[in-house]
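Listed below are the residues making up each chain.
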Amino acid sequence: IAGITQAPTSQILAAGRRMTLRCTQDMRHNAMYWYRQDLGLGLRLIHYSNTAGTTGKGEVPDGYSVSRANTDDFPLTLASAVPSQTSVYFCASSEDRVENYNEQFFGPGTRLTVL
Amino acid sequence: LAKTTQPISMDSYEGQEVNITCSHNNIATNDYITWYQQFPSQGPRFIIQGYKTKVTNEVASLFIPADRKSSTLSLPRVSLSDTAVYYCLVLYNFNKFYFGSGTKLNVKP
Chain H
1 IAGITQAPTS QILAAGRRMT LRCTQDMRHN AMYWYRQDLG LGLRLIHYSN
51 TAGTTGKGEV PDGYSVSRAN TDDFPLTLAS AVPSQTSVYF CASSEDRVEN
101 YNEQFFGPGT RLTVL
Chain G
1 LAKTTQPISM DSYEGQEVNI TCSHNNIATN DYITWYQQFP SQGPRFIIQG
51 YKTKVTNEVA SLFIPADRKS STLSLPRVSL SDTAVYYCLV LYNFNKFYFG
101 SGTKLNVKP
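Sequence order for the protein chains is H and G.
If you read the first sequence in this note's numbering, its first letter stands for residue 1, the second for the next number, and so on.
If you read the second sequence in this note's numbering, its first letter stands for residue 1, the second for the next number, and so on.
The shape of chain H in the complex, shown without the other chains:
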């Protein structure tokens, strides 16, 4: 059972470039999430999705976009990367909708460096 996979594992990116972080889950979970983790700040929610076809903004959505074309995939796109987006990005999923206080299952993370 794979759970949640993220790609790439790490990436170094020039500022201004476009980048898509991939996230796939095989648990048929309804809700999916993207977080960024910065030293001393814990995890901050970027975007979430309750079901395929719907998305919502989290605490720090600016500079990021997401889509949810199907249940399994939830890509995160940086349209024009900036150095402040250097972070570790985690994708997560939960069986039920966001507001139902589900256990979240996290992927292994993507370490992104923007120069």
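Hints may be right or wrong, so weigh each one.
[Unchecked claim] BS3-like mimics (lysine-lysine), calculated; alpha carbons at most 25 Å apart, straight line:
(1) G:Lys108 x H:Lys57
(2) G:Lys96 x H:Lys57
(3) G:Lys108 x G:Lys3
[Said to hold, decoys possible] A few chain H residues facing chain G, derived, Cβ under 10 Å:
(4) Leu43
(5) Leu45
(6) Ala92
(7) Phe105
Don't read these hints as lab results, they were simulated from the structure.
The structure presented is a predicted model; accordingly, all values stated were derived computationally and were not measured.
Just so it is clear, CB atoms sit at the ideal spot from N, CA and C, and this is done for glycine as well.
Keeping the supplied structure of chain H fixed, place chain G upon it in accordance with the hints.
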């Protein structure tokens, strides 16, 4: 906007009980509190979740006082493998998650 606060770090010895407290002053009456554990280079992993009073599972207990302004994660008889960062998570207003900044627990032999 209310968020969560935790101690930055804690030290303990093997076999001791460890209590980590999280403050969440403006939590609503119907919001849950969840705790996660994170090892280096891994994603967080669910430990326990509660709404009020006390919840216990095979690895931890969660104590929530009546005013719900804080919660305490209790780890009984910790071992070296419990060295990790522990986060509390509170869901405000149905779709606003706030993780605490994490408590780094260092368990010594």
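Each hint tested on the structure:
1. G:Lys108 x H:Lys57: Measuring from Cα to Cα gives roughly 41 Å; hence the hint is violated.
2. G:Lys96 x H:Lys57: Distance ~9 Å between G:Lys96 and H:Lys57 Cα, so the pair holds.
3. G:Lys108 x G:Lys3: Status violated; Cα separation ~31 Å.
4. Leu43: Nearest chain G Cβ about 4 Å off; hint holds.
5. Leu45: holds (5 Å)
6. Ala92: holds (7 Å)
7. Phe105: holds (8 Å)
Violated hints, in rising order: 1 and 3; the structure is consistent with all others.
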